[in-house]
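From first to last, the protein sequence lines stand for chains A and B. Everything in the first sequence is counted per our numbering, starting at 5 for the first residue and increasing by one. Everything in the second sequence is counted per our numbering, starting at 179 for the first residue and increasing by one.
No wet-lab data here; the hints were simulated from the structure. Certain hints may be false.
Unchecked claim - Here chain A is said to cover these stretches of chain B; the calculated rule only asks that three of the stretch's residues, wherever they fall, bring their Cβ under 8 Å from a Cβ of chain A:
(1) 309 to 322
(2) 372 to 383
(3) 391 to 402
Think of the CB as a built atom: it goes at the ideal place given N, C-alpha and C, for glycine as much as any other residue.
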Amino acid sequence: MASIKIPKSWQISEQEVTPEDIYLRRREFLGTSLKLGSATMAAIYGFSPFTNGWSAEPEQFSPSTITPEIIASRFNNFYEFGVEKQEIWKSSRKLQTEGWRIEVGGLVKNPQTLEFETLKFPEEERIYRLRCVEAWSVVIPWIGFPLRLLIDKLEPLASARYIKFTTFLDPIIAPGQKKRFWEPWPYTEGLRLDEARHDLTFMATGIYGHPLPNQHGAPLRLVIPWKYGFKSIKSIARIEFTREEPETFYTSLSPLVYDFDANVHPDIPYARWHQAFERIPGQEETVKTLPYNGYANQVAGLYL
Amino acid sequence: MKNIFHAFMVLVLMTSNVESSDEALIPAGEFVMGTDQSTPAERPAHKIWLDDFYLDRFEISNQNYEAFDPNYARSASSSCDRCPATRVTWYEAKAYCKILNQRLPTEAEWEKARRGPQGNSDTERDTAHYALPVKAGTLAVDSLPANGYGIHHLAGNVWEWVNDWHEELYYQKSPVKNPQGPSKGLRKSVRGGSWYNVGWYTQPGMRFQLAPHVKLNSLGFRCARSGQAAGGD
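Let's have the full structure, built from the sequences with the hints guiding it.
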């Protein structure tokens with residue numbers, strides 16, 4: 005089957021943002037990966053505040069700088085494995101992802117259990133900014149597929165309006181799930197179905213040209229670039245379609261502090277942090293935060 | 179003055195339809211404590227002998243606790259009269275039990291009662307309020323059927339303080355008869371899971387820990403009393 009590459013409004017040339025070594029390794033991963041199907045269907049996406057007419061001053065935000073993998077892989081939030089960001093890459097090693105299964109239930113035509121290794125969708129690479137609610141951000145080259153492809157395969161019922169995601173539960177290897185026993189583990193997140201079907205909403209299976217390592221949410225995670233990072237749930241083990249807005253980990257813990265949308269907005273303090281600026285790990289400078297993390301042109305229409 | 183207040187509070191508690199006077203007798207004997215299917219804190223499964231003791235059939239309710247502390251504020255997630263009292267520190271729970279000439283159960287007593295006469299190792303859906311949304315909140319303390327000892331809601335509804343200090347590897351050295359926990363520590367053990375915890379947390383052998391001054395919306399307690407073998411409390 006011939007693949008047609010249609011430029012997106014948030015796309016820039018991969019050479020513009022991708023260092024050569026990553027570019028080459030990505031080709032290796034896309035070309036040899038079996039679990040996600042044909043690599044020849046891959047389309048390469050990126051984003052640019054310059055081509056999209058965003059309001060940021062060019063010198064305040066440099067899209068040509070992908071966060072070095074050594075930084076992105078050693079600075080992680082994954083509270084199941086602890087609260088020290090610099091330790092997660094080590095403490096998450098105990099997570100076993102071989103034979104990973106994803107339960108599918110709720111308002112769906114065929115409740116079933118999916119074998120991760122048998123998921124077959126055309127792969128893409130997308131370079132997204134990820135904005136943490138803690139007011140720091142990274143620029144990450146993800147590999148995966150649009151979530152809507154999976155949703156279409158699962159065939160939710162017409163009555164379904166939301167999608168809920170649940171990560172694994174294994175307090176024996178994830179000490180945070182035991183130490184913080186009063187929190188509603190396992191971690192859950194959710195989206196409206198129109199958000200979930202949006203072209204930007206991405207299911208990542210790889211990063212920096214290789215499969216996801218555990219600290220990034222192996223083997224399968226969500227990436228929603230216009231929402232605060234905690235919405236991008238890691239290590240998904242269950243997907244459920246619902247009629248009502250699902251209770252999520254943070255909305256249930258602190259409903260007055262966390263809302264379901266959690267869209268990035270510089271003018272609205274969120275959780276414990278002012279959100280007007282963000283830090284770049286590994287750099288001293290801070291940059292202005294943009295509405296919807298810079299993806300307003302693509303997603304603001306969802307919220308009119 | 180202090181003695182007069184104490185006597186007054188005992189009178190109030192004894193005459194205010196309190197469930198705490200409703201106790202189950204757990205006969206003396208052996209049971210298997212801990213589990214080999216969890217973290218090092220629960221291992222190894224080991225035999226323990228306990229003298230007979232009494233344990234409250236119900237969690238202490240809001241109504242009970244307000245007679246003890248008029249300034250107590252019910253949490254929104256456990257607000258009915260007979261819903262469990264929550265947001266109570268270990269110190270406050272201990273003081274409440276003491277005023278009724280009771281005490282907090284030891285961790286071993288709690289687990290023996292939780293396992294029931296058959297030594298259960300799982301959570302029965304019909305006797306436990308658990309794995310629900312946070313917004314569901316607690317049930318009244320006598321809502322679901324009792325276990326084999328006639329005790330309600332040891333699994334789910336709210337976490338429960340026990341008397342013991344928590345030590346992660348205590349089972350590797352604990353005495354085989356009437357263990358009382360370490361002599362000192364920084365955190366107390368809590369047991370049982372709450373309405374929003376999934377089944378793993380409500381299993382009989384699971385141990386958790388919390389600093390004794392902490393209050394949680396999902397944490398309550400019940401009281402115990404030693405039986406004849408120990409000469410009572």
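_Which constraints among the numbered hints does this structure fail? Numbers only, ascending._
none
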